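Same order as they appear, the protein sequences are chains A and B.
So in our numbering, the last one in the first sequence is 222, and the numbering has no gaps at all.
So in our numbering, the last one in the second sequence is 628, and the numbering has no gaps at all.
Keep in mind that the hints were calculated from the coordinates and are not lab data.
Misleading hints may appear alongside valid ones.
[Said to hold, decoys possible] Below, simulated DSBU-like cross-link-like pairs (lysine-lysine); rule was C-alpha separation at most 35 angstroms, straight line:
#1 B:LYS49 - B:LYS472
#2 B:LYS49 - B:LYS464
#3 B:LYS622 - B:LYS464
#4 B:LYS425 - A:LYS38
#5 A:LYS26 - B:LYS281
#6 B:LYS548 - A:LYS38
#7 B:LYS236 - B:LYS316
#8 A:LYS174 - B:LYS236
#9 A:LYS26 - B:LYS379
#10 B:LYS591 - B:LYS472
#11 B:LYS464 - A:LYS174
#12 B:LYS183 - B:LYS464
#13 A:LYS174 - B:LYS49
#14 B:LYS281 - B:LYS236
#15 B:LYS354 - A:LYS26
#16 A:LYS174 - B:LYS472
#17 A:LYS38 - A:LYS60
#18 B:LYS379 - A:LYS38
#19 B:LYS591 - B:LYS425
#20 B:LYS194 - B:LYS425
#21 A:LYS60 - A:LYS26
#22 B:LYS183 - B:LYS194
#23 A:LYS38 - B:LYS389
#24 A:LYS26 - A:LYS38
#25 B:LYS273 - B:LYS425
#26 B:LYS464 - B:LYS529
#27 B:LYS236 - B:LYS464
#28 A:LYS26 - B:LYS183
#29 B:LYS628 - A:LYS26
#30 B:LYS354 - B:LYS548
#31 B:LYS49 - B:LYS529
#32 B:LYS464 - B:LYS628
Because the structure is a prediction, the values reported are computed rather than measured.
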Amino acid sequence: MLWPLFFLVTAIHAELCHPDAENAFKVRLSIRTALGDKAYVWDTNEEYLFRAMVAFSMRKVPSREATEISHVLLCNVTQRVSFWFVVTDPSRNHTLPAVEVQSAIRMNRNRINNAFFLNDRTLEFLRIPSTLAPPMDPSVPIWIIVFGVIFCIVIVATALLVLSGIRHRRRNNKGLPGLDDAEDKCENTITVENGIPCDPLDTKGGHINDGFLTEDERLTPL
Amino acid sequence: MESPAHVASLPEDEELQPWGSPRCPGQHPGRLEGAEYAEPGAREKARPKWGNPMQFLLICVSYAVGLGNVWRFPYLCQMYGGGSFLVPYIIMLIVEGMPLLYLELAVGQRMRQGSIGAWRTISPYLSGVGIASLVVSFLVSVYYNVINTWAVWYLFHSFQDPLPWSVCPLNGNRTGYDEECEKASSTQYFWYRKTLNISPSIQENGNVQWESALCLTLAWLIVYLCILRGTESTGKVVYFTASLPYCVLIIYLVRGLTLHGATNGLVYMFTPKIKELANPKAWINAATQIFFSLGLGCGGLIAFASYNEPSNNCQKHAIIVSIINSSTAIFSCIVTFSIYGFKATFNYENCLNKVILLLTNSFDLEDGFLTASNLEEVKDYLASTYPSKYSEVFPHIRNCSLESELNTAVQGTGLAFIVYTEAIKNMEVSQLWSVLYFFMLLTLGMGSMVGTGTAILTPLTDSKVISSYLPKEAISGLVCLVNCAIGMLFTMEAGNYWFDIFNDYAATLSLLLIVLVETIAVCYVYGLKRFESDLQAMTGHALNWYWKAMWAFVSPVLIVGLFIFYLSDYILTGTLQYQAWDATQGHVVTKDYPPYALAVIGLLVASSTMCIPLVALGTFVKRHFRKK
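This is chain A alone, in the form it adopts within the complex:
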């Protein structure tokens, strides 16, 4: 008695869910790539969880709150792990439109990924593009902050150097107004001839020998 029913159900199942069926989506998982050694085995329990997640996503759609786990059909599970799934309506005669399923999955993609410890790349829904996370966009770009800091430091340092130079020059000008020129030139210059300095006598620090020169007797008195 139950056998015909069973065959009927499987027949309907096969009719609604097969590769490239209408409103069917292919799913591909790369568990070993994502988890490495901690990879779990894909068995019927995991399939049950998947169907539950899809049913959960559909229940969030306003007109489809009555979706049950049994309405989600899986088929053609391969070793990859990949399979096809469809979502049927409560009467189990037609499948729900692809657009609805697509938008429902997109809305809850994150929850589905997390249930399996995977991400958008390792749990792929072919033909359902994922919404990419927008990059963090602070109100003031970070580079302008750094630029502002460095700019202010450089301006302050330049201003200090320029001002100290001006002050130094002003102090020099104030200190020695007239003699500045001659003093400056003479301080560092040496009159040289043939490599020998012309003034070996240190006349600044030396003494005048009065024995040789007296102002009074410059001219022989009459």
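Given the structure of chain A, go ahead and fit chain B onto it with the hints provided.
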């Protein structure tokens, strides 16, 4: 031609002072510093000096070691035979680099003036050489600081997570990435679109990019800060700009050698390809690299040496600086190739993974079954078992080859801002490596900029006319302001194309001509024997026959050879072309320069080279009229 005694005379037009001037009663013989050698009755002007000889050495190193060592030498090494390129490089260093460097330092130290005054002292007809050096330095400083602008831009952008050039921005409806970024790569996109915002061709100028303009202003402010006090400030800054790049290079060497796949790059680079030694291009490129890398002919080296003590042993310094310059190039080559190896291995493994994924998905194989080791056998198995399906998939399978990844030789801004950033984004703690790297680029560039700035300022501050009206700070400020204003041209959308024009043509031919005239002037106009006796009296060491032979014969011949090569290269190529970025395809395309760009190129070359004959002619005419 005037008599030698008059020619080699006095700086500017100093009058001959009689013996024992009455105006200066207090002269201290003790104030003679070193073996002061001067012409009879000459009066020496007070000249600023370096704080100690180390500062002189460091500024020469900082000036010579620049971006060319980091981004041009590894490219040449790769193109011309890897390890075997070192042979022509070292030979050219000994035959061309050291003699010419020593010549410039000796001239500067002997004449104790900037480039214009020094050459005017040798012969008034030759002051055009000094003016040509000044013009070339000016042109170089205009475009070189744009590189610092980009380094600053990337440096400031390194303080974010994730690095902005590691991810593509999203497209309009957030379902995928931006189209241009998909076609190219995220690093290329960040360089061409976000940094340069480049236009498709040189004719479309576009607007000034305010972000680049800000960074350019900051770069010029930093340069002004470093040179505004002359040797006083420059001498302190070079301790930093000369040593920091080495610290970063050592850190990168250690990090680079420990990266996965670095040995691939190093083995590739150091396996010598002896055949390349027979290629004349290898020798020519070695010669040009040594020549331009040392900064000869710009007037910078003459300016630095002019602030030296006359007794300074510049021969020793010349040898040290040229050896340091070349060793830095080789050292950064090692670093670059370990990074190349890492990047190539990373890309190769990515390529393999893509092929594995494609096959796994097409044939629904178990995830993790296909690995790099069994890939070939499984491919054969699949080809035999499912021939029809395999032939469908086959066109999409890329041939992954490590060799072809390593073969992509890049130089210049492409190496620094695209290839290196691509490698950095894959390292752990990429922000740290990025900050270190761009800080190193910035200090390398700043070191060269400070040297170029000194090369421009020294003749200007030496000139009596200008320095009597304006103080040193104002002259430097004006120079920086003018350069910054002209540099805004390079921040426009077509700016990078103009940058390439300046980079390729502003300095190349002109410097060769300038150095050629310099060598001939010292050896044949001033007289090699006279110069030799000057140097001996000044430093106390006799001049080795090797330098004399090089200066008199070998170096001029080499430079003439390089000159002929460049000219023939330009003539044979026909129309000059440039690489333009095509946003729709995501790679560069080759285009021809429009006529006005060619005119600008001609103007750039002529503005410096024509100075020499024009000034000589002008001096001749002036003297002719004076005699009348």
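Hint-by-hint comparison with the structure:
no., hint, verdict
1, B:LYS49 - B:LYS472, "holds, 15 angstroms"
2, B:LYS49 - B:LYS464, "holds, 19 angstroms"
3, B:LYS622 - B:LYS464, "holds, 20 angstroms"
4, B:LYS425 - A:LYS38, "holds, 28 angstroms"
5, A:LYS26 - B:LYS281, "violated, 58 angstroms"
6, B:LYS548 - A:LYS38, "violated, 75 angstroms"
7, B:LYS236 - B:LYS316, "holds, 22 angstroms"
8, A:LYS174 - B:LYS236, "holds, 29 angstroms"
9, A:LYS26 - B:LYS379, "holds, 25 angstroms"
10, B:LYS591 - B:LYS472, "violated, 45 angstroms"
11, B:LYS464 - A:LYS174, "holds, 23 angstroms"
12, B:LYS183 - B:LYS464, "violated, 59 angstroms"
13, A:LYS174 - B:LYS49, "holds, 26 angstroms"
14, B:LYS281 - B:LYS236, "violated, 41 angstroms"
15, B:LYS354 - A:LYS26, "holds, 20 angstroms"
16, A:LYS174 - B:LYS472, "holds, 19 angstroms"
17, A:LYS38 - A:LYS60, "holds, 32 angstroms"
18, B:LYS379 - A:LYS38, "holds, 28 angstroms"
19, B:LYS591 - B:LYS425, "holds, 32 angstroms"
20, B:LYS194 - B:LYS425, "holds, 17 angstroms"
21, A:LYS60 - A:LYS26, "holds, 21 angstroms"
22, B:LYS183 - B:LYS194, "holds, 16 angstroms"
23, A:LYS38 - B:LYS389, "holds, 33 angstroms"
24, A:LYS26 - A:LYS38, "holds, 25 angstroms"
25, B:LYS273 - B:LYS425, "holds, 32 angstroms"
26, B:LYS464 - B:LYS529, "holds, 32 angstroms"
27, B:LYS236 - B:LYS464, "holds, 27 angstroms"
28, A:LYS26 - B:LYS183, "holds, 27 angstroms"
29, B:LYS628 - A:LYS26, "violated, 100 angstroms"
30, B:LYS354 - B:LYS548, "violated, 62 angstroms"
31, B:LYS49 - B:LYS529, "holds, 28 angstroms"
32, B:LYS464 - B:LYS628, "holds, 27 angstroms"
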